[in-house]
Amino acid sequence: MATTPQQPAVDLREPASWRRTKNQIMTVLMVLAMLLILVPLVFVLYTVISKGAGIISGQFLTASIPPNVLPASIGGMGPAVVGTLEITGLATLMAVPLGVLGAIYLNEYGKNNLLSRFIGFFADVMTGVPSIVMGLFIFSIWTLHFGFNGVGGAFALACLMLPVVIRSSQQMLSLVPDPLREASYALGSTRSRVTLTVVLPTAIGGIVSGALLAVARAAGETAPLLFTILTVTTTNTDVFNGANTALPAQIFANASSPYTGAQARAWGAALTLIVIAFILLVVARFITARFTKVGR
Amino acid sequence: MEPTPEPNVVAERQARAAARPQDTRPQDGAESYGSGTTIFDANGISIYYGSFRAVTDVKLSIYENEITAFIGPSGCGKTTVLRSLNRMNDLVVGARVEGDVRYRGTPLYGKDVSPIAVRRKIGMVFQKPNPFPKSIYDNIAYGPRINGIRNKKRLDEIVEKSLIQAALWDEVKHRLKASALGLSGGQAQRLCIARTLAVEPDVVLMDEPCSALDPIATSAIEDLMKEIKSQYTIVIVTHNMQQATRVSDRTAFFSVLRNEESDTRTGVLVEYGQTQQIFEDPHDPRTQAYVTGRMG
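Residue numbers (this note's numbering), protein chains in the order written: chain H, -1 to 294; chain P, 13 to 308.
With the rest of the complex left out, here is chain P:
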C-alpha cells in the first residue's frame, strides 16, 4: 500500500535525519513518537484581525512525523493559529501576527520570506472539501503543474501515487477525466488530501477535515492520516475529541479568555502535551472540564 517516496525526497529525508539534533521534547509520557525534530516553534504569538486580538501569547512546538491536534471550543482561535502556520492569514485583510514563529528554525514571518514558498512546503486541507471545477486528474496535477512539472508521464505517476496515498485510487482510477464535482463528500475530501500530497509538502495542516463527513468517511481519513504520518508532519484542528484521541500524538487545548472589564475575548493556549496525558491526566482544571464534557 505504501508507495515508495521519490529518490530525491528519500535523500532529503536522510540528510535531515543525519542533521537531527537531540530529542528535546518534554518526555512527560512513556511513549515517544516521530523523530523529535522540531518543525514549528511558536514563541508567544498573538494574532490580530484589525484591532481584535483573536489569539494571545501562544507558545508551542510541533514535532516531525507526529500528528498534533488542536482542540477547544468555537472561537478559541485554533483555526487562526493553524492558518498562521502557512501564512494563509495573509489573505485576510487586516490580519497580522505578532511574535516569533519558526519553521525548521527559520522565522515564518521574516522579512524575506515569501508566503508562496512557505505554502509549497506547508500544505493545507480545508474544512469543506473544495475540489476545483476540473477533472479529478487535473485537480491532482494542479500543484505539480504550478511547480513546473509538464511531463505527461511524470504527472501520471504523481496522480496515481497521490491518489493511492489518499486511498482513493481504486474508486476513481477508471474516471480520472470525470469532473471532481461528481465525487461524494468523503471522496472529495480525500481528493483534496491527495491534491495536497501531490506537491510533496513537508507539513500538512488540516482544518477540521472531517466535520462535513459521515463516520465511515471520517474513519477512512483517520486511517489515511496514520498511514502518511511516517512521511509528513500533520497538524489537525478538530471539534471531535474522540478523533483527537484516536489519531493524535500530541494535543493542544485552546480556550476563550474573557475580560469582563473591557468586555473583550481572546483565544489562549491552555495546555499542551501528549494526547494521553491531556485526556487522562490534564493538569489544568479548564482542560479537565472540557475533555470530560463539563464545558464547552
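In isolation and in its complexed conformation, chain H is listed as follows:
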C-alpha cells in the first residue's frame, strides 16, 4: 500500500487542559502524604531502638523485674515476656478457632440469613468497643469471682481479637471463587466437605495472616490487662492462678516511674514488644506469600 501524501495531518497531541497539571499536583500530594505517614513511624522506631537496644540482653529477657530504684544493669523483664507470650497465646487459642468457625458459618452456611446478619452486626459492634471497656467487662464477670490471673487477661484479649478474626477470615472466604465450590458440589460433595477440602485450603493463607495480625494487635493491648492480671515482678507460669504481668503493662508501670533504671527497662520492654509484633508480621507475610503462590 502506497502512502498518500495528500492526507491531512492528524493531531494526536494532548488537548490543552488541566489534566496534566492536576496529575502532577496529585502525585506531589500523594508523596507528601506518604512522607507524613513515615515521619511518626520512623521517629517511633528510631527512639525506641536508640533508647532500648542498649539494655536488651539474655539477662534482660529472662531475669525478674527489680524494684524501680535499681539501675538498668540489674534484673530484666523476664516475667513480662513470659506473661505476654502465655496470655496472648492462650487468647489466640480461644479467639482464632472460634473466629474462623464463626467466619465459616457466616460465609458458607448462614449466607444472608437472619442469624448470620445478627452475628455479623454484633461482630462489627464488638470491633468498636474500647479495649478498656472490654477489660472492665471481664473484670466484672471473671476477675471479681476468680481473682487476678492470666486466664482473665486472655479472655479480655480474646474478646478484642474475636471480631477482627471473624471479619478478616470472612473476607478471605468470600474471595474463594464460587466456581470452585460448584466444581466440588458437582462431584457429589456435601457442604462440609466443600468447606474442608476446597474453601479452607484455598483461603488458608489469608486466614492465617489475618489471625496473626489480630494476635500482634492483642499483644500490644495494655488497658484490658491492667484490670485482669494486675502487674507482678516475678515470673508466673501458671495462667490459671495468681496475678501475672505483660510487656505493655510493664511499659506503663516503668515508664511512669521517676527512676532512670525503670525508664530504661520500659524502653527495653517497648523494643521487645515491637520485635515480637514484627516477627508475627513477617511470619504472616511469609505464610500469605507462600500459600498464595501454591494456591493461585
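Hint data in this document are derived by calculation from the structure and do not stem from the laboratory.
Keep in mind that a hint or two might mislead.
Said to hold, decoys possible - Per the computed footprint, the stretches of chain P lying under chain H, defined by three or more beta-carbons under 8 Å from a beta-carbon of chain H, are:
no. : region
1   : 67 to 74
2   : 97 to 106
3   : 255 to 264
Unchecked claim - Counterexamples of contact, computed for chain H against chain P with all Cβ distances above 12 Å:
no. : residue
4   : Q22
5   : A51
6   : G52
7   : S62
8   : L88
9   : P95
10  : L99
11  : D122
12  : L178
13  : I277
14  : T286
Please read all numbers here as calculations on a predicted model, not as lab measurements.
We treat Cβ as the ideally placed atom computed from N, Cα and C, and that holds for glycine.
Chain P: place on chain H using the hints.
Quick look at chain P alone, frame taken from chain H:
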C-alpha cells in the same frame, strides 16, 4: 485408546441393558443412536428464580448413550434447565423447580432425594475451566476420595484411566504433582472433564464447555465427547450451532418468549428432535430463523 470399564460397571451396564424397555423414542429420522433407554424425562417443568420464571413448561426426554445439545439465544434458559438436571440450582438462593422431572424413572425433586447422591451420578463440566488449586493428581483423585477410596494404587489407576479418557494423559503424565493452575485453558478443561469422569458418573452435563477455548482445544474436546459417549450420556449446552451439528444426536432449541402485556420474559422449549432434522428440516419457523442465522 478406550480403557476397559471397571468390572462392576460392566456388570451394572449389562444389567441395565437386560432390563431395557422397548425403544420408545420418536423415530422421526432414519438413524437410531444409543440404547433407547430414557435417562431424563422432563414433563412440563418450570424453573423460577424468586418470582422470576426463567423457564416455562419444558417437556423433553433424554436418551442413554446419546449426546443431546441445548441451543438457543442468551437468556433462553438452557443453562437453567441443564443445571436443574443435577440439582445444581439448589445452590442458588430462591431457585425452585415446578413440575415433574425424572431420572431413570425416579423423580429428581422427590421428597427423599438427596442432591448429593444425585450429583454423584450426574456430573457436570462448567463453562469456565475450574480446576481446584491443587495438583493435577489431587484434582482427579478428589471425587474418588470423597467417595471413600483411599487406596493409593486404586487412586493411581483411576487417575491414569480418567486422564487417558480425557485425552490428557500424555501431556501431563510426567507432572502429575504439579499445580493444575499451570495448565492451559484447553488442558484445564480436559482436566475438569477427567475429574468428572473419575467418579464414573452415569450422565455428564456440560455447560458450554468450549466457549473459552480455541478451535484446536474445542475439537479435542468434541472428539473426546464422541469417544466417551458409548459409556456415558452427555447433555451439552452450546452457543455454537456448528458444534451441535458436529457432536450431538439430538438437539433442543430454546427461545425467549416475551409477554408484551406484563413486560416479562421466559425461556421456552421451541423444538426438540434429531439434530439432522432440527438443522435441515425444522418444523417451527422460529427454529428455522435461528439455525439459518436470521435471528438471535
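Legend entry - Hints breached by this structure: 1, 3, 12
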